[in-house]
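A.B. asks: Read off the chains here:
There are 2 protein chains.
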Amino acid sequence: MLSKNKIKYIRSLELKKKRKEEQAFIAESPKLVGDLMGHFTCKLLVATSSWLSTHPHIQAEEIVEVSQDELSRASLLKTPQEVLAVFEQPKHTFCPEAIKDSLCLALDDVQDPGNLGTIIRIADWFGIEHIFCSSGTVDAYNPKTVQATMGALARVKLHYCDLVSLISSLKDVPVFGTFLDGDNIYNESLSSNGLIVMGNEGNGVSREVSELINRRLYIPNYPQDRETSESLNVAVATSIVCAEFRRRLL
Amino acid sequence: MLSKNKIKYIRSLELKKKRKEEQAFIAESPKLVGDLMGHFTCKLLVATSSWLSTHPHIQAEEIVEVSQDELSRASLLKTPQEVLAVFEQPKHTFCPEAIKDSLCLALDDVQDPGNLGTIIRIADWFGIEHIFCSSGTVDAYNPKTVQATMGALARVKLHYCDLVSLISSLKDVPVFGTFLDGDNIYNESLSSNGLIVMGNEGNGVSREVSELINRRLYIPNYPQDRETSESLNVAVATSIVCAEFRRRLL
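Residue numbers (the numbering used here), protein chains in the order written: chain Z, 18 to 267; chain E, 18 to 267.
Hint data in this document are derived by calculation from the structure and do not stem from the laboratory. One or more hints might be untrue.
Note that the list lumps identical chains together, so a pair holds whenever it fits in one copy or between two copies.
[As the list claims (entries may be wrong)] Pairs of lysine-lysine residues, derived as DSS-like cross-links and limited to a Cα-Cα distance of at most 25 Å, are as follows: (1) Lys95 to Lys23; (2) Lys33 to Lys95; (3) Lys161 to Lys95; (4) Lys174 to Lys25.
With the rest of the complex left out, here is chain Z (with noise of 0.2 Å):
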C-alpha cells in the first residue's frame, strides 16, 4: 500500500531541485529498473506483487507492493509497467585526466532530455566512460533522460562543470568540435583519446567553448551540392562522430 506522502515524494523527484536535494532520481519498467539495480543505491523499489514475485532476491532499502491503479498514481509515465525505482545519485570522482588517456564527451548545453539520454546510450555503445557537461546542459537525472539511456547510465559517468575551466586546464589533449565549416571528418586524423564537443540544439556550441577547439570537424551531406537539412539532430551527429572515431581503431 502506497501511502500519499510516498506519492508525492515519488512525483516530487520530477523536478531538478528536488532531485538535487534528495540526491535521488527515478527510473521505471522492468527493464531499466533491472539494468540499473546493483549500480545504485536502491533507496525505495515500488512493485506490483506479480514483479515481486518474479524478483525474490531483489535489495531495496524500501520494498512497497502496489496494485497497478496505485502504481499509476505514482508512476510519471502514460503506461506504467510492473516496477518504479528511487535509487540514489552516484559520486562520481571528478577526472579530467581521463581525458588525456581516453575519448571522452563534451556537452555544451544540450537542453533536451531525451536526447541526453540518447547520448549516454552511444557512449556506453562506444566505449566512452565520461562525460563532462557544462551546467546549462540538462540534467541527467531527469526522469526523461534515465529513461531514455535504456541502462547505459549504469555504465557512463556524467560531470557537471564548467567548460571553458575544463578544456583551458587541458594540455596537449586534442579537443574536436563539429561545426558546419568544418573539415571533412573522414579527411582528418582521429585519436583515441581527447574530447568532443557537442552544442546546444539550436545554437550550436558556444562562442566561449568554439574559441577552444582545435580540431573542427563536419559531417558532409551526401550528395554535396544537394539543398538539404541545416544541421542533423544533436545526438545522430554525436553517433555518426563516434563511430566514425572507433572505426579508426577497429
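Given the structure of chain Z, go ahead and fit chain E onto it with the hints provided.
C.D. replies: Only chain E this time, still in chain Z's reference frame:
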C-alpha cells in the same frame, strides 16, 4: 480572430484519423512553416500580426491574424511560436523502382513519432529521397514527427505499403538490415542503390521481413569485449548506417 470551430479543426488534426480524412497536417514555428511553405499547399495560416508584417508575400488559402493568446489555444506546442500552418498532405507516386537506382530506406513498424522525424531528417542529409513504411509505422504527419523533421519533410517522400510484398517484388537489388548477429558493416561491401530496412524500437525487424533481407549488417560496439547497452536507438543506428553507405561514395 480565430473562431471556436477553427480551433477545434486545428486541434482535431492531432488525430491520425482526422488527418487522413482531411488529408492535412499541422506545422508550427516560424522556421518550420517557412521551410515547408512553397513545398506544400497551405490551407490555413494562423499567425500573429508581427509575423505577418514581416512576411507580406505569404501564400495561403486562408490567413487568420491572431493574438499570442489565441494562438496558444490552437497550438499543440507547450510554447507556441508566432505561426501555425495547416498544410495539405502531398500525394507521392508510389515508386518501388527507385530502389533499383538509388538508396532507399524501409521502416518496419517504427513507433515513436520523434524517431520517425529524426530518421526523415537523416534521410534528407544523406540524399535518400524515398522511405517505405510498413502500415504499422507511426504516421509521418503526426505533429511530433513533423516538428522533428525540421523541414526535411519537404524533400523526403514517404510511402506506406506492405513491406513483405514490396521486398518480394524486388529483383537483383540488395536489401540490407541491421542485426545483432549481422556482419560488421565496416568489412562489408555496400552499394549506392538498394533498400536499408530498420525495425521497431523494441522488437527490431519482424520475422517475415527479416527473411527477405539478404545483407545482414552489424554496427560494432567498442571495445568489442566490453559490457554495453543491448542496442542503439533506431534513429541513431539509421544515421550510422547511412553515414557509412555515403562515406564509401565520397
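A.B. asks: Look at each hint and say if it fits the structure.
C.D. replies: These are the hints, each one checked on the structure:
1. Taking the closest pair of Cα atoms, Lys95 and Lys23 come within 25 Å of each other only inside a single copy of the chain (19 Å); across copies the shortest separation is 29 Å, beyond that limit.
2. For the homomeric pair Lys33 and Lys95, the shortest alpha-carbon distances inside one copy (20 Å) and between copies (19 Å) are both at most 25 Å.
3. In this assembly of identical chains, Lys161 and Lys95 lie within 25 Å of each other by CA distance both inside one copy and across copies; the values are 12 Å within and 16 Å between.
4. For a Cα distance limit of 25 Å, the shortest separation of Lys174 from Lys25 qualifies neither inside one copy, at 29 Å, nor across copies, at 47 Å.
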